[in-house]
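Trainee: Here is how the chains run, residue by residue.
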Amino acid sequence: MEETLFSLTEEQIKTEELIQKVARREAGAITTFIGTVRELTNGKRTLHLEYQAYEPMAVKMLSQIGEEVIQKWPDAKIAITHRIGRLEISDIAVVIAVSSPHRITAYTANEYAIERIKQIVPIWKKEFWEDGTMWVGDQLEKQAYSEGKPPEGGNAL
Amino acid sequence: MIKVLLFAANRESIGKEQVEVEKSNISVSDLKKVLESEYPGSSFQHAMAAINESFVPDDEIVKTRDTVAFIPPVSGG
Chain A
20 MEETLFSLTE
30 EQIKTEELIQ
40 KVARREAGAI
50 TTFIGTVREL
60 TNGKRTLHLE
70 YQAYEPMAVK
80 MLSQIGEEVI
90 QKWPDAKIAI
100 THRIGRLEIS
110 DIAVVIAVSS
120 PHRITAYTAN
130 EYAIERIKQI
140 VPIWKKEFWE
150 DGTMWVGDQL
160 EKQAYSEGKP
170 PEGGNAL
Chain B
0 MIKVLLFAAN
10 RESIGKEQVE
20 VEKSNISVSD
30 LKKVLESEYP
40 GSSFQHAMAA
50 INESFVPDDE
60 IVKTRDTVAF
70 IPPVSGG
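If you're matching them up, the sequences are chains A and B in order. Count along the first sequence starting at 1, add 19, and that's the number in this note's numbering. With this note's numbering, the residue at position 6 of the second sequence is 5, and numbering never jumps.
Isolated chain B (complex conformation):
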């Protein structure tokens, strides 16, 4: 099980702050595809991933019990 944290537009289109995905050892890019097919209207193409609060590239492997945050382009300041 992977915990996925959602922010900004994806949080609103999916209607949840986090979802759980019953997968393990899946790449970040494959996880994006799983989420987009499960939640039509969501978009993860331009989102950066962070696993357990550290930015990772899209080919990084997500393991079970990891927390993945999808981070849309930021706009702080």
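In isolation and in its complexed conformation, chain A is listed as follows:
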């Protein structure tokens, strides 16, 4: 069976499993990015979070990010898992693992991937604050889709 490099899950993400997906003899480096649920955002206290996804398209967009990474860094191997559903403070929301022969590619490609997730993957976060709730839009704090479409991957980094 072909391994699943890009997936969504309602279960706790096991970082070690993503590391194993990209581990290989050619690799001299593996970077992992672990996105976790933060309690305080600009002084506001989060009680818990809920992530909602357009699941088939989200998986498709994660795979597209994988293809972009391979185009830019042909010797990289990447795996991404994003959690959906209810998450508590400090829970892991997303893990990105990248392996490559040299460390600079693993670092750079990993950062590229999380930026692209925030741009093009249809996953939304509902904040449950002490004093109310809100669906959070653009974490990049830019005007959403100012060009009428999600940004292309070509120019970032």
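It is worth saying that the hints were derived from the structure and are not from the lab. Be careful, since some hints might not be right.
[What the hints assert, rightly or not] Which bits of chain B does chain A cover? Going by a derived footprint, with three or more residues having C-beta under 8 Å, they are:
| hint | stretch |
| --- | --- |
| 1 | 4-10 |
| 2 | 59-71 |
[To be verified] Listed below are the simulated BS3-like cross-link pairs for lysine-lysine, each with C-alpha atoms no more than 25 Å apart in a straight line:
| hint | chain 1 | residue 1 | chain 2 | residue 2 |
| --- | --- | --- | --- | --- |
| 3 | A | LYS33 | B | LYS62 |
| 4 | A | LYS91 | A | LYS145 |
| 5 | B | LYS62 | A | LYS79 |
| 6 | A | LYS79 | A | LYS145 |
| 7 | B | LYS62 | A | LYS145 |
| 8 | A | LYS79 | A | LYS40 |
| 9 | B | LYS62 | B | LYS15 |
| 10 | B | LYS32 | B | LYS15 |
| 11 | A | LYS40 | A | LYS145 |
| 12 | B | LYS32 | A | LYS79 |
| 13 | B | LYS2 | B | LYS15 |
[As the list claims (entries may be wrong)] Some chain A residues judged to face chain B by a derived CB distance under 8 Å, without partners named:
| hint | residue |
| --- | --- |
| 14 | MET76 |
| 15 | LYS137 |
| 16 | VAL140 |
| 17 | TRP154 |
For glycine and all other residues, C-beta sits at the position ideal for the given N, C-alpha and C.
Keeping the supplied structure of chain A fixed, place chain B upon it in accordance with the hints.
Mentor: For chain B alone, kept in the frame of chain A given last:
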């Protein structure tokens, strides 16, 4: 008939995960107007559209039996 998938705030304000619109050959921007007038309190102005899971611009024409997802600004990660 066009199937429209709803997410995040629009899903909550309309109270459904999907709705059906009895139209065909309508632009994405006109479909947004139809939905906003049919469901007061909804907002599609900043939503990107995807037809059958691919992002499309607002002047794209939606055909009958297409599935249109309105995708608010994303916040994964």
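Trainee: Indicate, hint by hint, whether the structure satisfies it.
Mentor: Quick rundown of the hints versus the structure:
1. 4-10: Since three or more residues must qualify, the claim that chain A covers the stretch 4-10 of chain B holds, with 5 doing so at under 8 Å.
2. 59-71: Since 3 is at least three, the answer is holds.
3. LYS33(A) x LYS62(B): Distance of about 42 Å is beyond 25 Å: violated.
4. LYS91(A) x LYS145(A): 33 Å, violated
5. LYS62(B) x LYS79(A): 22 Å, holds
6. LYS79(A) x LYS145(A): 22 Å, holds
7. LYS62(B) x LYS145(A): 32 Å, violated
8. LYS79(A) x LYS40(A): 18 Å, holds
9. LYS62(B) x LYS15(B): 22 Å, holds
10. LYS32(B) x LYS15(B): 18 Å, holds
11. LYS40(A) x LYS145(A): Given pair LYS40(A), LYS145(A) is violated - Cα atoms ~30 Å apart, limit 25 Å.
12. LYS32(B) x LYS79(A): 28 Å, violated
13. LYS2(B) x LYS15(B): Holds: LYS2(B) and LYS15(B) sit about 12 Å apart, inside 25 Å.
14. MET76: 5 Å, holds
15. LYS137: Since chain B brings a Cβ to about 5 Å from LYS137(A), closer than 8 Å, the hint holds.
16. VAL140: 5 Å, holds
17. TRP154: 4 Å, holds
The structure shown violates the earlier hints numbered 3, 4, 7, 11, 12.
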